[in-house]
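Sequence lines, in order, name chains G and S. Numbered by our numbering, the letters in the first sequence go through residues -12 to 208 in order. Numbered by our numbering, the letters in the second sequence go through residues -12 to 208 in order.
Certain hints may be false.
A pair counts as met if it fits within one copy or between any two copies, since identical chains are not told apart.
[As the list claims (entries may be wrong)] Derived BS3-like pairs: lysine-lysine, alpha-carbon spacing no greater than 27 Å straight-line: (1) K179 - K10; (2) K179 - K87; (3) K103 - K74; (4) K41 - K117; (5) K124 - K104; (6) K41 - K10; (7) K41 - K179; (8) K103 - K117; (9) K117 - K10; (10) K74 - K179; (11) K74 - K87; (12) K124 - K179; (13) K87 - K103; (14) K10 - K74.
Keep in mind that the hints were calculated from the coordinates and are not lab data. Remember, it's a predicted structure, so these values are computed and weren't measured experimentally.
Here are the chains, one letter per residue:
2 protein chains.
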Amino acid sequence: MTRLYHFPLSPFCRKVRLCLGEKRIEVELVEERYWEQSPELLRRNPAGKVPVLKLENRFLTESTAICEYIEDIFPTPPLMPRDPEAKYEVRRLIGWFDDKFYQEVTNKLLTERIFKKVQGGGYPDSTRIKEGARAIKYHIDYLHWLLESRRWLAGNEMTLADFTAAAHLSCLDYISDVDWNRSDLVREWYAKIKSRPAFRGLLADQIPSFLPAPHYADLDF
Amino acid sequence: MTRLYHFPLSPFCRKVRLCLGEKRIEVELVEERYWEQSPELLRRNPAGKVPVLKLENRFLTESTAICEYIEDIFPTPPLMPRDPEAKYEVRRLIGWFDDKFYQEVTNKLLTERIFKKVQGGGYPDSTRIKEGARAIKYHIDYLHWLLESRRWLAGNEMTLADFTAAAHLSCLDYISDVDWNRSDLVREWYAKIKSRPAFRGLLADQIPSFLPAPHYADLDF
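Kindly produce the complete structure, drawing on both the sequences and the hints.
Following this line, the structure appears as structure tokens:
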């Protein structure tokens, strides 16, 4: 059985879940309290991180490496174009979201609002919350700019770049940190991706003592 | 003309330089004081980061996306295996070094010892230096463990994983932060990669007012 060790509000885990879902690969989800660094986790992944995908008795780690591998061995439906220029653009945007957006937005807002409480890390730092809330505006404007000339983020087909961006934004939407009124184009793009069957599991996620925003699972938000 | 906007002690820029060098692609290097976030840099890369590769009047960004693109359009000599399992292992290790190793080691040691002075960021934080110096030991042990069963980091061929790891370690070697006595296997691996023609440019780098460690450019260290 394919099994994913994950944490519900990890954008990296969500990216892998969306990729598996879109490929119609059934997976058993096992929630991992990764910050406790249990010996079992470190045996599965010496980096001590989630996601960890158990596939045919091997443990696969690093979310982008996992998604590219899934794409290589299950190419249908394609989530990566075949043309090198188009592939570059997908990978550039994966880098943009998993590095820049994560550092400037996702990590700040999720750590301060949720992870510190769940994992026991002290009081929220309001400076970092303000920085994250300010930075997300520029990123939504950037997405808007991309979508002015493209149907999906990396071009005219849905790719791993869309799932990567949606993985981050969906975590932030859970805590009501995305202003969907800022851009019609971005809201329409998110509505399209949110209505994919692969998204259903994410919309059903619940973190104990942190209810999702009321519109979180609403397809017509 | 192909041009790379870079900073000499950036491991991400070094990865791209090594990749270009190994593919025998001539490139003009332009040093970019990226922390000043000049309008020209932001026009070339809205993420405000280096490396930025100018190739046929396009600006390419995100180091891993750049390297995968170079591999796609200049496949000889190969730096990525063709088999999906082997490709996964290369990408996993790129993720390991550019994320975990960077956060735990490269970023801490370089920021505290060099970047704060060059970029004007206050006094070095000795706690972070100690954390980085402690963490690198475990990473060298991990490399040692990998090299016990493989000629190169991701398998029996040299790949982008080796260049990624060497890009980080070479920055740290510049400031004498790598204990080569900790593992014969790691030292032999680094000696092999250090003697590649692609490495020469890196070994000639100089940061004003920070001389490299005496053994830095020595192939017999």
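Checked hints:
1. K179 - K10: The answer is within: 17 Å in one copy meets 27 Å, while 41 Å across copies does not.
2. K179 - K87: within (24 Å within a copy, 33 Å between copies)
3. K103 - K74: neither (37 Å within a copy, 36 Å between copies)
4. K41 - K117: neither (38 Å within a copy, 35 Å between copies)
5. K124 - K104: Intra 25 Å, inter 31 Å, cutoff 27 Å: intra-copy only.
6. K41 - K10: Answer is within: at 16 Å inside a copy they meet the 27 Å cutoff, but 35 Å across does not.
7. K41 - K179: Neither: 30 Å inside a copy, 34 Å across copies.
8. K103 - K117: both (16 Å within a copy, 24 Å between copies)
9. K117 - K10: Intra 38 Å, inter 45 Å, cutoff 27 Å: neither.
10. K74 - K179: within (22 Å within a copy, 32 Å between copies)
11. K74 - K87: both (19 Å within a copy, 25 Å between copies)
12. K124 - K179: within (21 Å within a copy, 47 Å between copies)
13. K87 - K103: For K87 and K103, both the intra-copy (21 Å) and inter-copy (20 Å) Cα distances are at most 27 Å.
14. K10 - K74: both (18 Å within a copy, 20 Å between copies)
Going down the numbered hints, you'll see the structure goes against 3, 4, 7, 9, while the others check out.
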